[in-house]
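Work out the full structure, taking the sequences as your base and the hints as a guide.
There are 2 protein chains.
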Amino acid sequence: MYSVQLLPELQLRWAKMQESIQAADADALLISTNVNLYYASGRIFLGYIYLPANGKPYFFVKRPVGLEGENVIYIRKPEQISEYLTEHNIPMPQTLFLEIDSVSYNEYIRLTNILSPKKVLNGTALIRSARTVKTDYELNLIRKSGQQHSALYRHVPAVYQEGMTDLEFSIEIERQARLLGSLGIFRVFGPTMEIFMGSIVSGENADTPSPYDFGLGGEGLDPSLPVGCNGSIIKPGMTVLVDMGGNFTGYMTDMSRTYSLGNISELAVKAHQTSLEIQEAVIAAALPGTAAADLYNIGMRIATKEGLENYFMGHRQQAGFIGHGVGIEINEAPVIAPRSKDILSAGMVFALEPKFVIPHVGAVGIENTFIVTETGCEKVTPGTEEIISLT
Amino acid sequence: MYSVQLLPELQLRWAKMQESIQAADADALLISTNVNLYYASGRIFLGYIYLPANGKPYFFVKRPVGLEGENVIYIRKPEQISEYLTEHNIPMPQTLFLEIDSVSYNEYIRLTNILSPKKVLNGTALIRSARTVKTDYELNLIRKSGQQHSALYRHVPAVYQEGMTDLEFSIEIERQARLLGSLGIFRVFGPTMEIFMGSIVSGENADTPSPYDFGLGGEGLDPSLPVGCNGSIIKPGMTVLVDMGGNFTGYMTDMSRTYSLGNISELAVKAHQTSLEIQEAVIAAALPGTAAADLYNIGMRIATKEGLENYFMGHRQQAGFIGHGVGIEINEAPVIAPRSKDILSAGMVFALEPKFVIPHVGAVGIENTFIVTETGCEKVTPGTEEIISLT
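Protein chains in written order, with this note's numbering: chain C, 1 to 391; chain X, 1 to 391.
Each statement offered as a hint is correct.
For identical chains, the list gives no copy identity; a pair is met inside one copy or between any two copies.
Derived lysine-lysine pairs resembling DSS-like cross-links, with alpha carbons at most 30 angstroms apart:
no., residue 1, residue 2
1, Lys-62, Lys-341
2, Lys-77, Lys-119
3, Lys-341, Lys-77
Because the hints were derived from the structure by calculation, they are not lab data.
See below:
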């Protein structure tokens, strides 16, 4: 199931979750979603993890064949979980954490029929909270993703060719990402957000509202995936904002850089400089104990002071946040938004993405991923932050 | 919300779903998942569609801004759906279809608190069933996807270079797919299956079991996505099975072809010919009224007759099906499996993928997407079906 080397790391994660189980006077947590199975076992498998309040977890595996290790039990159906617990004199859970924000209604009914808990608590929130503060092992995976992500952006100007569409540009960047080790898939929490490997918006398209709750919109290539590039040619006077997700290790980083073709408007240049100013001010304040909402307010105050609030985080449609936690998924806690209740602590990881959409020109701004430490933020996605000319 | 040209098409889809709502004596269907919002409106948006048993649907939209049309109502939260119904004297639904196989438990609780139905029925199954038989409009999108998918496979041999890893080969194929218009994302029904754009397996890696319920396995590049290519070099004596998803139009096609480097074993060649034989026999029998389970049995009988049953659909781990419906998602009805209850009818679309895994050599076989018509199957992914040499 997992290597001997990974065991101490997994024990840290189990202990973190078990602390919350115990604090709620609950008996166990049942995990069945891919990202949380990955978090709790170090790999994706088809099945369930039953984590009691004390002691070691049980791994109930449907697929793949061939996994071995302590407490690895092969099953065909979840009903066999309760059979196993009964046979081994493990008491049925009275109070059970289930991933009720993710597991479907029908799956919930099936699982509660099997385990008959008297009380069900929110396991999605429990694991999300455990995942918010990363372990040293996770931070190293994030640093490694960040290194590859930074390397990708160093390649970006070289793949641009005159006359390219935003899509053609995107395809060459995607290829570079894959050559640098991107796993390709982009994991998002919740059922409503979808994207391919990231988004590239340019010119007028940057101002097209999208149904998805990303920092930027874009028409996309088809009504079945209305976000990002739309196949239009990148022309002089436009900016290109490249916002590719980085998933090089199972842990994501987020990073954006702004490119320009020819001369762009003074407004766009000013807005970009304001993004950098916002980044500097927010990161200076981002210490353990700081409220994420305060960080949002710092950003919004600077945008407003510069008279740019109508372009901040979008123009026709504006995003309601300037940053978001990252990890196995792109949208973890903390959320840097006005009504966020998240408080920073050391080991949290977040992407900060102050951006502006300038009509007819495109989007400008910056995005980096930061690790919160006791003494300040560590940037894991370094690289030139000025507007980079493609000509 | 949708163009005038699309209205007659959407009316067909609404009528199909309303027939099922009426047959169940229900009052309405509430749609909130992306693929079904796309099916019922022709585009993705963030929000809900309330489809009454009779009359036109209501589109409750959170994002993007700027959608217009009949019954388009902007809301901030789903509680406003019941406010709207009350204000407009639309009776609350007594019996309501909800997507209970997809909507999370918590979302179910919220929606049923809002609409207070006395009885909830399975809307996931209702829409899945409606989507199984495609309209002419949908069939044309599938044909268009198939054309691009076939074009992609014509490019495959040209992107191979001596000494490539399976990953490097995959990256160049992915790039060609995108240049031909692939939207990139790969939509799968259910929470447990994940993949990037498709899978390429070669040599020993073809026999590595995967947690996902795809036709083939493979170790993958990382335990966070254990499927497909694993970065090993393609060597003489190996086959490479390329199984890239095709999503060029919002509707997917599925297609695989087998490539070889140098001489491969007689067993592998024989198994490939058996795949073609199975395809021919299954497709000859695939007429409206045929049970999908019977099609599976035809395939298994031929594999067994040839003494190849231990390699059929995998070796260390075998898939339990030889085909699957395709549409907006890659795994729709009908399922071509031994215990499938699906019966073919005209307008269904399925991928047939008889494949074998030959230890040390790799996978061989064929996959095409077919439309069921009154007089037989129409292949939408034509192209050479013999093993194609890469040297």
